[in-house]
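Colleague: Chains as they are written, first to last, in my numbering: chain C, 20 to 311; chain S, 5 to 376.
Possibly wrong hints are sitting among the right ones.
[Stated by the list, open to error] To be clear about the criterion: a stretch of chain S counts as covered by chain C if any three or more of its residues have a C-beta under 8 angstroms from a C-beta of chain C, and this derived list gives those stretches:
(1) 130-139
(2) 255-263
(3) 298-312
Hints are computed from structural coordinates only; laboratory data are not their basis. The beta carbon of each residue, even a glycine, is placed where N, CA and C say it ideally should be.
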Amino acid sequence: MMAILVSEMSRVLVQGLTGSAGQNFAENMRLAQTNLVAGVRPGRGGTRAEGVPVYDTVAEAVRATGATASVIAVPARVAAEAALEAMRAGIELAIIYAEGVAVHDALRLRALSAGQGCVIVGPNSAGVMSPGIANLSDMRIVPMVPGPVGLVSKSGTLTYEVISDLAAAGIGISTVMCVGGDPVVGTTPVDAVTMFMADQATEVVVLLGEPGGSIEIEAARRWAAAGRPIPLVALIVGQALPPGREFGHAGAVARRAGESAADKMASLSALGAQVVSSLAAVPLAVQEALRR
Amino acid sequence: MILYEHEAKSLLARHGVAVPAGGLYPQIPGSPSPSAPLVAKVQIQEGKRGKRGGIRTVRSPLELDKAVAELRAGSDLLPPAESILVEQMVSGREIYLALMVDRDAGYPVLLVSPSGGVDVEAYPATMTRLALSILAEQVPAEVTQEAGVALGVVSTAGLDRLLAGLWACFRAEECLLLEVNPCVETEDGALVAVDAKITIDDNARHHRQVRDAGTAGRTRFEAECSAAGVSATELTGDIAIIVSGAGLAMATLDAVAVMGGQARCVVDLGYSTLHSGQDLRRVLDLVYELNCRVVLVNGFLQMASCAELATAIVSVAQAHPAGPGLVARLAGNDSAAAQAAVLEAGGHVAHGVVEACQTAAELAAAATDRRS
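Okay, chain S solo, but in the shape it has when bound (with noise of 0.2 angstroms):
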């Protein structure tokens, strides 16, 4: 779950991080003045959100009311949004930290740049990247020295107490990613989180009060499948892909391209979706709500059962008489049967992955061509 920036900093708040007095529009942090300017900005999850005007300065009453007004009502490069955060303006020197987990080493790892405002994903030349054990309850004394010196921070102290709420956050709250970029090191040395972009983890959801999964970021379609406990990916194409397993749902993909096909979305049916027959269901329900003009159903299954898989996938397509055509590969447990009911239905067997790929693909491109 990603988080918007003012749920972030409250986050951050709570933990001991200086983050700019502010609150969502109409709870403004005084009146803006000249001398005292205020920042609105608008709470969306796309990049670049300042580049693209979703962030402006404001020096009076007058243009806070039109700069939301704008904000709100989106533009060519900004989406509409309703939440604006507005703030009061921070200014010194912009730096990066992020704590984030290295999926491949199996630890957290603190990253700084003395230069903020920079895209991680770039990863520049100034970037420090600093080991952490997740069993550490505090900061290592070396690695805020380390930090420090990489950041060239004047407060030892604020950076002690800045990274202490950052990890103490990071812990608690179970983040993959907490990224405060900038942070801002103001004149009189202290250290507040002008922007954070904060990721916690879905899978850890039950150490905690349950809180709002988010659809932020995701399709209605793929957050729909998501509260039925399947993860799927929503795309532009025409053929809607369903497979059991993540690897297998790329390397699909990948199959379905090559014979010039184009996904509509892919769906990957986990073990306990394949064994609940209900959220089965309202997923294949879902996928055949969706505009395409194949269903390809890719199934190797070993302890499920193909059979079952295909009488769900057959009596959905039977509720959608004008639907998708229907292409399966289910190898496994209980094929044959489930082949025999595919065929019964009207659909297409396929005994391969390759021979399921290029039937699926062959099939939309002719049902492209009779609609055009």
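Isolated chain C, as found in the complex (with noise of 0.2 angstroms):
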């Protein structure tokens, strides 16, 4: 079986697993049998939590158990140093759950990682999940069927409705990647497109996108220059929002012309998408997407 980001080889610590959400994580992990073998706290170095030892630090939790990714589950003040800890520990994908990562910090994170070969995925990112492969991400209660789809979101709460929805339609997932709604995050959705076309599992793209910024027609051109390899189903949600308002911690409002969900909508139309204007319909696009 193939993926993004993750495989079966895939060997992951948590940083934060003494914490409620590194609970949780974990227990996730345990779930779906993802391959979780430490943890790191400072300050809790050799005790164990979760049925994996605990670590000072990434690096000494590296050395000892070749973890590959990392999962952080730490407070967002503390987030971006923590990913740049696994970045130095060799760590080849972070994922950062905290929302709210003070922006300076994303950015320097940003400028600090490029070229370093670590995916930092996030912040305020739900995660990464294969069914059948590795789940790095807080889903639980979703049905996690292997199948061609390969999901990329900011949003957490809207994959788990388009997982649902396409398990329901008898569809099921290759990965879902979410990049975070964070106002900076590390892996873009230009990023994610460009890996989904390169798996041999991704048979169809779902982008899930919202007002503001041009990530997603950035994705859709890229997608478009590949020659659309595969097809690419998009949804941007908040196609109702009030033009000005900012919604949530997602940065997304419309500063500017070319902006709004409906522009952003007729873009991706023109770069050949299948464009759809509400979650019920994406099993549908998927579906025709499947049969051509």
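Now that you have both chains on their own, put them together as the hints suggest.
Modeller: Have a look at this one:
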């Protein structure tokens, strides 16, 4: 089986394993038979939690267990520093769960991680999950059915809906990647779509977007430039959002011409994506895309 | 947090940027006269302030007092406001400079235009965009040089000083946006920040001495939700939407609109609120105190418990017996117990987003019919 970002070989550690979010992630991994190998919590080195050894630093955990991926379940104010620690220790995939990381910290993280061989997902990411392979996400109560759909979204909660609706229509998932809802994130939908196009397991990409910015358009442009190798189904939520209003910490605000949901839907359509206007319409569009 | 103009200018001055001499009325920079007029500017955050009569040039103490009284009272076009900034007039060529975070690109950019006084939203063809690295202590010489060419400014040393001050302020204060519009180039080549708008990252509050979080630009409801750790948007319809997650918030708002409903507010409960009974209860109270006809709860919870959320909602609903109708779509963790609790309290249980939004819209419409 294939997937993006994770494999059956992924060896996972949780930074902040002893906290409540960390424990929840560990439980999700256990339920999905994901290979949790270690936890990190400064000051608790030498103890055990959730059935695995705890280390003071990521570097120690990597040396001792060969961990390759980290779920960072620490508070927002220390999350960027935790991700840098993971990167320096040779972690290949670091997922930041915390919401509301200081934007300048996220900017520094982007600048310092460029070209360092560590994929940073988030902040404010619900995680990455490949059914049957690994679950590095906060998802527990969604149907985890392997299948042909690569799903990319800022929002975790939207992906729960789409995964469930797709499963009800008999369609499974290759990988779900929640890029994170904070204003500045490490890995963007452009990167995700690029990875999905190169993934053997992914036959159709579903892109969930929001008003504001142009990253979904960039992703579709990249896809179109690559010759549209697999179908791209896109939904932009926030069509009823009053102009100029910001929602949550998602940073979904149309500041400039072309950034409203309607404008972005038109741009995606023009690039050749199959654009749907509601969550409920996603499964049918995916079914049609798979038939082509 | 969006700063008022006078706050933004104090901050800029602290970082070495030239601003007009002035202060909040009655602290005025000398007495106005025909040869040395002063400018009185109402301190509000809404746009197009000048076009709405919020900026007055005064040439005598009498004119100043009259202008201040009028600005404080407000007009058809302007809300009343207490704070009036009074400054010496600075005239010359108007240019535009801004530093902002490009969210998609993941780095800060410097935007410059030789035509000041324009809307950044309009993005005129004259706007030049220069990328910066957040790691750079100083603005690189080539960026200053390119900005100078684009702006056509006379004094390279002056521009160097201005950009150094703006960049220091942007980094030290963790700005999301720092806009100087207009920046005035005077006849003797000085560059003065005549108007300034600064947005500081709320998520960076822990990096500095606690500062007033600022409620400007937000309604009381939004500010109180924010104090309880929840992001909320107040609107003008009659359906209060409570969801978990900003993406689902927007999808729910869309579905309600499609069904012909109108949202009174959208409240996005985050992870920490769902795990904190006290904040949750406070936010639900605030929602129930809004004047609305239906409360629509749409949650698909993975780690938090639907049953705990339902219990909190039912208890607040019961404290408001004549309050709005309740429609709940609660899926995921502990959903069966949650649905039972809602039903027992006389609420409607829906089994999907579409059904929930449709039921809410129908209930709101029925309530409207009954009242009219």
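Colleague: Against each hint, give a clear statement of whether it holds in the structure.
Modeller: Against the structure, the hints come out as follows:
| no. | hint | in the structure |
| --- | --- | --- |
| 1 | 130-139 | holds (count 3) |
| 2 | 255-263 | holds (count 7) |
| 3 | 298-312 | holds (count 4) |
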